[in-house]
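Trainee: Just so you know, the protein sequences line up as chains A and B, in that order. The first sequence lines up with residues 56 to 382 when you count with the numbering used here. The second sequence lines up with residues 21 to 591 when you count with the numbering used here.
Bear in mind the hints are in silico, worked out from the structure with no lab data behind them. Quick caveat, the model's predicted, so the values are computed rather than measured. Wrong hints could be hidden among the right ones.
To be verified - Listing some non-contacts, in silico: residues in chain A with all C-beta distances to chain B over 12 Å:
1) G72
2) L97
3) E125
4) G199
5) G245
6) R275
7) T301
8) I315
9) I323
10) R356
11) K359
12) H360
What the hints assert, rightly or not - Just the calculated beta-carbon pair ranges, DEER-fashion:
13) A:I119 to B:Q90: 21 to 29 Å
14) B:Y388 to A:S144: 51 to 59 Å
15) A:L59 to B:A421: 51 to 59 Å
16) B:D51 to A:S172: 46 to 54 Å
17) B:S590 to A:I89: 47 to 55 Å
Glycine is no exception: its CB is placed at the ideal position from the N, C-alpha and C atoms.
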Amino acid sequence: MGILYIIKPGSKFDFVGKRYLWLGFSSLLIIASIVGLFTKGLNFGIDFDGGAEVQIRIPNTWQIAKLRSELESSGIKDARVQELGDEGSGEYLIRTAGDESTLGDVSNQVKTVLSKSFKEGDEFEILKSDVVGAAAGSVLRQQGALAMLYALLVILVYVMLRFDSRFAPGAILALFHDAIVILGIYVVTGKQFDLTILAAILALIGYSNNDTIIVFDRVRETQDLFPNLSIEETVNKAVNETLGRTIMTSITTFLVVGAIFVMGGSVIHNFAFTLLCGVVIGTYSSVFIASSLIIEFTKYRDRKHPRNAAKKKKKKTFSVRENPSSL
Amino acid sequence: MERKWWGKFTFLFLCVAIACAYVYPTFKDLDLKKTNFPIKQKITLGLDLQGGLYMVLGIDFKKLYREYLQRQMVSFDSQLKKANIAVKSSKLVAEGFPDEDPRIEFTLDAAQRDGIYQIFKDQFWFLRLTRDETGVLEFGLAHDQRVQIREKTIDQSIEVIRNRIDQFGVSEPSIVSQGTDRIVVELPGVREIERAKELIGRTAKLEFMIVDRKSMPLPELATLISSVEKEKNIVFEEGGSFSKYVDAINVAVKGKIPEGTIVAFERNEGETGKTIDRTPYLLKYPAPVTGEDLVDARVQFSADTNAPEVGFQMSPTGAVKFGKLTGANVGEGLAIVLDSIVYSAPNIQSQISERGVITLGTKGKDLYKEAQDLAIVLRAGALPAKLDFLEQRVVGSQLGADSIKKGTVAGLIGTLLVFLLIIFYYKVSGLIAALSLVLNVIFVIAILVGLEATLTLPGIAGIALTVGIAVDSNVVIYERIREELRSGKSLMGAMDSGFQKAFRTILDANITNAGAAIVLLNYGTGPIKGFAVTLLIGIITTLFSAVFITRLFFDLYLDRQLAKKADSFSI
């Protein structure tokens, strides 16, 4: 049996030639995401916004409209009811806003409403009930944002130390790109954004970073082996050589996360959704964005310090001249 | 077989054996109390998986600082009176200042300033002078003092909550402080949120009661209690509700003890926090002096023996009641009872009114800690800090069980798909990768059990991500070896340099991830933390399995290929 290849060895796809296309496309995505974040905004879950949330399971003979009207008539105002999981699973999420003093009772009120028609434990069940005060919500939001920022900072410092200043901004911008685009997806889909999703974004930052570092490592190695290649050629060679690995890893990760997405149950569903998007975006950003950015930052540096660039070249070139003295 | 393989294999075997021993009780769901399996640990499941109640409580420090300062002002005023300084007015000013920094303001004659200043310098060192103008002196709390109050309050609130929860009967409660002003309470298995809230939110009840030794000495009381325990079949089980037990005992002994007395217990806890025995007390009821009469209590050191002791101070009205009580009962025991549990019952040496000292003797293992605990108990009743419920989350046990089941099945299926893919793609080498992956996951779970870390739902996702990263390190190695082979290296050479070059890459990738995970561990809350823990453990085991396990099996495989004089291997 021979060796199987997803990508034939020695492939020479031109990734960097069209880099302005990728960079332009990603810039558009980022701008759209940021605009979305500031106009429509994220649909914050109670973790970040405060409020009460009750997850219930009821017989699927009930219609969601009936549930809504029953809740309404019992005095739970502005309740948002949302079906969870597969259709017909009978799992619903009821969410209300309000102040801390009344929120604690929401779970009981829901219980009362349901008890009118069903027997508890037997026919309906309160699976989960969360109450987060508005103050706690803003603390959680702040902490989450800080955690993300610090994590990025640590990565930046490490890449800067381990590689150099041309690599670090590319790595960080690529990660930033991933996080922003995922947020953008959450704006567009209107899915609820809570602590678990934040954890997922942090996970994919780690994943995408792993991808990026592997490409960067190869860029550095190629540079040492072939110092006379232009930066474009170096990066393109490195991306091509690591392509087999990149695709293989993305597929395997996609399989694991995909299985969790499909079968993992309602609680972890959105978490897996985020990771699934993240794997795609992370792979894309490592191959197309991070590598393109190395080229741009290298060129920028060479323009800024032309002497540096020249010196580097000089060291590697041989020269021959007349020998003034006789042998 | 050469190359010191036996040593390496023995080491691997040991690692796997230890890991399996740690995973076994969880996997077989052993009853840890009954089994004689040497490892008595199971994986700790987070509330999201186990079901239970999670609460974040905030402490109202704004009110606390104001009240503290108010009391200091009253005390300052009385010192001024003693020194015959009549100020025009003294008042607490909170408006216009930050919440955590209220002030007290004295309006006075310019001539009185130095006298007041002297009293401040001598006796009120825990205040700081914030304004010193003609006719006005203004004080705030000293910064150290504020920090101290905050820490004391958190400690004491945790103590009060723990005490309450013991009564509630929860098997493994967790009560920890978070940040500077919050307390996180986790009660696995508890679903009655309203009852738990009521219990925790209630102000602590501290009582001073006289021990009635005359009508029934201790041995007699102990016999009575064990006899009613047998008669009425009252048992206290560890983890059960202690207050229910105490109530049942009191009902049972009614009529057998003198009128106007009750039975209360002192709990002596062993090292693991489990009650090892209970000392019963017969106490005169109702309590004449309560926590409302107490102003403060703190640890101090005896002037004579330098041993730690607890000094306490009564309010003016409390001092009168306390003087009467102690005066009439010199020589008797004074039981300090918090929420119906006796914490200490020192003998009354003499009449005490305003200020008293509880000495703990000079012997004992950790007197300072004992003194500290007692001071906390006293203050818990003295300064009821209001607790706000910032967050409360209840997870039904059904949902948790569902999540575990679905999460595990999904994880297994995903892993199986990955195995199929890598074995199809890399053949024998894929099989090696799959094997090292299985060991990797066992290691992650074993370390989680060993560290007593909590597995949450995002934690399971962390393990899934570990699988992804671990597969990746194998892929990186294999792709590298393939490349080296293509460049014309020998099998041995390709493998060696493949592993070597790949290792650098793997290390880089994993270190950055570990850095990020450590940050998340420190700054994250709840789900983020659970995720970070498993990710961090996963990174470490991945490095180990990629560098050591995969390599070891590979060496073995290569050796066999060379022995067969094959000129290739399936990768």
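Trainee: Per the stated criterion, does the least C-beta distance between E125 (chain A) and chain B lie above 12 Å, as a non-interface residue requires?
Mentor: holds, 21 Å
Trainee: Evaluate the condition: distance from the CB of T301 (chain A) to the nearest CB of chain B exceeds 12 Å.
Mentor: Label violated. Min Cβ-Cβ 9 Å, cutoff 12 Å.
Trainee: The output says G72 (chain A) does not contact chain B. Does that hold with a beta carbon cutoff of 12 Å?
Mentor: Answer for G72 (chain A): holds, closest chain B Cβ roughly 24 Å.
Trainee: When you take the CB atoms of L59 (chain A) and A421 (chain B), is the distance between them in 51 to 59 Å?
Mentor: At 41 Å between Cβs, range violated.
Trainee: Mind checking the hinted window 51 to 59 Å against the Cβ distance between Y388 (chain B) and S144 (chain A)?
Mentor: holds, 57 Å
Trainee: Should the hint that I119 (chain A) and Q90 (chain B) are 21 to 29 Å apart at their CB atoms be regarded as holding?
Mentor: With a Cβ separation near 54 Å, I119 (chain A) and Q90 (chain B) fall outside 21 to 29 Å, so the hint is violated.
Trainee: Does the Cβ pair S590 (chain B), I89 (chain A) satisfy 47 to 55 Å?
Mentor: holds, 49 Å
Trainee: Is the claim that H360 (chain A) lies outside the interface with chain B correct, judged by CB distances over 12 Å?
Mentor: holds, 26 Å
Trainee: Does the beta carbon distance between D51 (chain B) and S172 (chain A) stay inside 46 to 54 Å, or does it fall outside?
Mentor: The hinted range 46 to 54 Å is violated for D51 (chain B) and S172 (chain A), with Cβ atoms some 40 Å apart.
Trainee: Does the claim that I315 (chain A) lies outside the interface with chain B hold up, using a Cβ gap greater than 12 Å?
Mentor: violated, 5 Å
Trainee: Is it correct that the beta-carbon of G199 (chain A) has no partner in chain B closer than or equal to 12 Å?
Mentor: violated, 7 Å
Trainee: Taking the closest pair, is the beta carbon of L97 (chain A) still more than 12 Å from chain B?
Mentor: holds, 17 Å
Hints 4, 6, 7, 8, 9, 13, 15, 16, counting from the list given before, are not met by this structure.
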